[in-house]
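Since the structure of chain B is already known, use the hints to place chain R on it.
Which chain is which? The protein sequence lines are B and R, in order.
Sequential numbering of the first sequence, starting at 1, is according to the working numbering.
Sequential numbering of the second sequence, starting at 352, is according to the working numbering.
Among the hints, erroneous ones may be present.
In silico DSS-like links for lysine-lysine, alpha-carbon gap of 30 Å or less [stated by the list, open to error]:
#1 K145(B) <-> K623(R)
#2 K153(B) <-> K374(R)
#3 K153(B) <-> K132(B)
#4 K129(B) <-> K153(B)
#5 K98(B) <-> K132(B)
#6 K129(B) <-> K145(B)
Restraint-style ranges between C-beta atoms, simulated for each label pair [said to hold, decoys possible]:
#7 D156(B) <-> K374(R): 20 to 26 Å
#8 S642(R) <-> N125(B): 22 to 28 Å
#9 Y458(R) <-> P290(B): 54 to 60 Å
#10 Q161(B) <-> E357(R): 47 to 53 Å
These are computed hints drawn from the structure, not numbers from a lab.
Each residue gets a CB set at the ideal place from its N, CA and C atoms; glycine is no exception.
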Amino acid sequence: MTEISNVQRPFLEVSDLAVQFPTEDGIVHAVDGVSFSIERGQTLAIVGESGSGKSVTAQAVMGLINKRNADVSGQAIFDGEDLVAMSDEGLRKLRGSKMAMIFQDPMSSLHPFYRIGDQLTEAVNAHHKVSKADARERAIEMLHKVGIPLPAKRFDDYPHQFSGGMRQRVMIAMALINSPSLLIADEPTTALDVTVQAQIIELISQLQQEFDTAVILITHDLGIVAEVADEVAVMYGARIVERGSVDDIFYHPQMPYTLGLLASVPRLNEVRSDRLDPIPGNPPSPIRLPAGCVFNPRCAHQDQVADDLCRTVRPALQNVGPAHQVRCHLPATERQAAADLTLSLLGRPGR
Amino acid sequence: MNESKEPVLRVTDLRTYFPVRSKGLFPKTIGQVKAVDGVSFMVHPGQTLGLVGESGCGKSTTGRSVLRLVEPTSGHIEFDGVDVTNLSHKEMVPIRRKAAMIFQDPYNALNPRHTVGAIISAPFSVQGVTPPGGVRKAVKELMERVGLNPEHYNRYPAEFSGGQRQRIGIARAVALRPRFIVCDEPVSALDVSIQAQVINLLRDLQDEFGIAYLFVAHDLAVVRQISHQVAVMYLGHVMELATREDLYARPLHPYTHALLSAIPIPDPRAQKQREHIMLSGDLPSPAAPPSGCVFHTRCFQAQDICAVEKPEPTEFEPGHQVACHFPIEEFLGTKEIIGPDPGLTPRLGADGSPTGEYEGSNDLIRELGTDYGAGPNTPIDPGPAIWR
Numbered sequence: 001m002t003e004i005s006n007v008q009r010p011f012l013e014v015s016d017l018a019v020q021f022p023t024e025d026g027i028v029h030a031v032d033g034v035s036f037s038i039e040r041g042q043t044l045a046i047v048g049e050s051g052s053g054k055s056v057t058a059q060a061v062m063g064l065i066n067k068r069n070a071d072v073s074g075q076a077i078f079d080g081e082d083l084v085a086m087s088d089e090g091l092r093k094l095r096g097s098k099m100a101m102i103f104q105d106p107m108s109s110l111h112p113f114y115r116i117g118d119q120l121t122e123a124v125n126a127h128h129k130v131s132k133a134d135a136r137e138r139a140i141e142m143l144h145k146v147g148i149p150l151p152a153k154r155f156d157d158y159p160h161q162f163s164g165g166m167r168q169r170v171m172i173a174m175a176l177i178n179s180p181s182l183l184i185a186d187e188p189t190t191a192l193d194v195t196v197q198a199q200i201i202e203l204i205s206q207l208q209q210e211f212d213t214a215v216i217l218i219t220h221d222l223g224i225v226a227e228v229a230d231e232v233a234v235m236y237g238a239r240i241v242e243r244g245s246v247d248d249i250f251y252h253p254q255m256p257y258t259l260g261l262l263a264s265v266p267r268l269n270e271v272r273s274d275r276l277d278p279i280p281g282n283p284p285s286p287i288r289l290p291a292g293c294v295f296n297p298r299c300a301h302q303d304q305v306a307d308d309l310c311r312t313v314r315p316a317l318q319n320v321g322p323a324h325q326v327r328c329h330l331p332a333t334e335r336q337a338a339a340d341l342t343l344s345l346l347g348r349p350g351r
Numbered sequence: 352m353n354e355s356k357e358p359v360l361r362v363t364d365l366r367t368y369f370p371v372r373s374k375g376l377f378p379k380t381i382g383q384v385k386a387v388d389g390v391s392f393m394v395h396p397g398q399t400l401g402l403v404g405e406s407g408c409g410k411s412t413t414g415r416s417v418l419r420l421v422e423p424t425s426g427h428i429e430f431d432g433v434d435v436t437n438l439s440h441k442e443m444v445p446i447r448r449k450a451a452m453i454f455q456d457p458y459n460a461l462n463p464r465h466t467v468g469a470i471i472s473a474p475f476s477v478q479g480v481t482p483p484g485g486v487r488k489a490v491k492e493l494m495e496r497v498g499l500n501p502e503h504y505n506r507y508p509a510e511f512s513g514g515q516r517q518r519i520g521i522a523r524a525v526a527l528r529p530r531f532i533v534c535d536e537p538v539s540a541l542d543v544s545i546q547a548q549v550i551n552l553l554r555d556l557q558d559e560f561g562i563a564y565l566f567v568a569h570d571l572a573v574v575r576q577i578s579h580q581v582a583v584m585y586l587g588h589v590m591e592l593a594t595r596e597d598l599y600a601r602p603l604h605p606y607t608h609a610l611l612s613a614i615p616i617p618d619p620r621a622q623k624q625r626e627h628i629m630l631s632g633d634l635p636s637p638a639a640p641p642s643g644c645v646f647h648t649r650c651f652q653a654q655d656i657c658a659v660e661k662p663e664p665t666e667f668e669p670g671h672q673v674a675c676h677f678p679i680e681e682f683l684g685t686k687e688i689i690g691p692d693p694g695l696t697p698r699l700g701a702d703g704s705p706t707g708e709y710e711g712s713n714d715l716i717r718e719l720g721t722d723y724g725a726g727p728n729t730p731i732d733p734g735p736a737i738w739r
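Chain B with its partners taken away, still in its complex shape (with noise of 0.2 Å):
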């Protein structure tokens, strides 16, 4: 591996990043304006319901949006580059090699006419100037790395022998056989049981700490985000309405939204009551994001908010904490006060 060159900056800095995709119907707003960054070593969780643009970022950040179909604006430095920016010729020397992706889907994103044995050396073979034992020894490692029995033996197989979870080890040897210093992971145990998925978050962890990479796991499952995350991203509406460590996220969440979504999960360790507390109403149109606060048609604390704010001026990402911030009108009081509420119901200690 090269050494990051540029010392001070993060080793992925995304700012102010927008992707729009003109429709019949109109401009979808997938994504608004979103900014983070995520250092080697590193998971960043982002969490959101469906079509809230967590995917759509993500798909931006590994240049996948074509961009014929779509407006794609903003920065998304990697080891000094932009990636927005760049040439379609340059992403592809970087996608494989020093970013990869791992799809929630391992059947519809492997080839199924290949053998899986040179899907992986393509991989290689993309990248490398190798020759065809040492792609081969390469991917046969790499197969034995991710779990996969008979490694050698395998090698000569089709995607439809393998279960889902063997596929989605496939998926993840591909994703990891050249290093990358970067994975994005899309919702990748979404389609699997829990004791595989158990298994798949697990080694993703193991292999994050071998080859240092910075991991953006995309999901909907906060027991997931619990469990692996150091950084949280909380979208919703296209946007990111609150960030922070993951202790902030589920010890000092303060956005509306966040609250809501963490009281209406329901419990495996306990039951607090017959009835959940859901979220009132659906999530907004990409295509009719609402004026001002994206969340303020579902929001129980709008009447907090003088002059008709939430409805009228977009609320900015304001520090609330040293890495903490959130995207929010209430008064800090308020907004304290809203957040001690929902920790007593899930019965942990504010503070």
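Leaving out everything else, chain R in the frame of chain B:
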């Protein structure tokens, strides 16, 4: 749980096998997928039985077999005391008035070319029921009851979000005020904030109309929220059946332990202190299930007998049934297994009771305090109990 009341549904030794046919011009049956293989349970009026397990365990097939949407191979299904196992299609019609189903996928369960009004009124026309005040009025009341705008009577499913579509499916299911509904993964396609709304709605309808649910789901947290009793399935068998309180606080079956420990809980500090039971391997194929106990190939408790003899479901304590040769009773709340070691046998004290120690390596077992989810770093008083 009210034992004195007759169960609304009694399932005895239900088996549903699917034939595996050879390819070619004249296919022959060359094997069987034993999707459901000897399952027995009861559902009581106004109560919920949760049916959990991983994909391929037979939970959905069980739900469908119970309503005869899939023909069971053998066994008995009694509905309100009537054996419906062998009733003809025609004879099933009056039964179907009292038993309904809610499907997983709110996108495919509704005919895209029918209006919401037509979809919800279908049960009335199929059963030839005319509610007082007319069908249209009844449908509008139903729409209002499940949280839909009655003015949307003439809209099509495509105009609704996933959560709203599931509400349409629920309105259709409760239209005839059934006594029993099979809910097949009703919330797993929904976002968490919407999922909570639908769970609450199902709960409210149960309280209001006294409906019993067979709630099929893979999410143990959702099942815990809504169920009175829970059955854990694995490869066509019920491994453990208990009240909600018992199953989550005092699981007995190694598979239940593994399943519970595999689910990360949304509380980082507690989650980092929990030890995991990591099951090796994947689910075996139900076409060629393992001999003896179907779980023995992945079980950390397994011994020689498990590969030979199939453990029968036995009542371990009143209302708590488990099918296992070596249920993990001795760990009740005090220990957790953190790795597979098939050779482990408990060391017994002088009076024959388990000492909590094990022959051979002790490395795999750790004292973890009195709370099930507690870990080695847990302080003496960890605050709110993690698992109860």
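Against the structure, the hints:
Between K145(B) and K623(R), the direct Cα distance comes to roughly 24 Å. Compliance with the 30 Å bound is thereby established for this hinted pair. Our distance criterion of 30 Å between C-alpha atoms is met by K153(B) and K374(R), whose separation comes to about 27 Å. Under the criterion of a C-alpha separation no larger than 30 Å, the hint pairing K153(B) with K132(B) is consistent with the structure, at around 17 Å. Our distance criterion of 30 Å between C-alpha atoms is met by K129(B) and K153(B), whose separation comes to about 25 Å.
For the given pair, K98(B) sits about 22 Å from K132(B) by alpha-carbon distance, which is consistent with the 30 Å threshold. Distance restraint check for K129(B) and K145(B): the Cα-Cα separation of roughly 22 Å lies within the 30 Å cut-off, and the hinted pair is therefore satisfied. Taken as a hint, the range 20 to 26 Å holds for the pair D156(B) and K374(R), whose Cβ atoms sit roughly 23 Å apart. Distance hint check for S642(R) and N125(B): the Cβ-Cβ separation is about 45 Å, which falls outside the suggested range of 22 to 28 Å.
The hint said 54 to 60 Å for the Cβ distance between Y458(R) and P290(B), and at roughly 26 Å that hint is violated. At about 50 Å, the CB distance of Q161(B) to E357(R) agrees with the hint of 47 to 53 Å.
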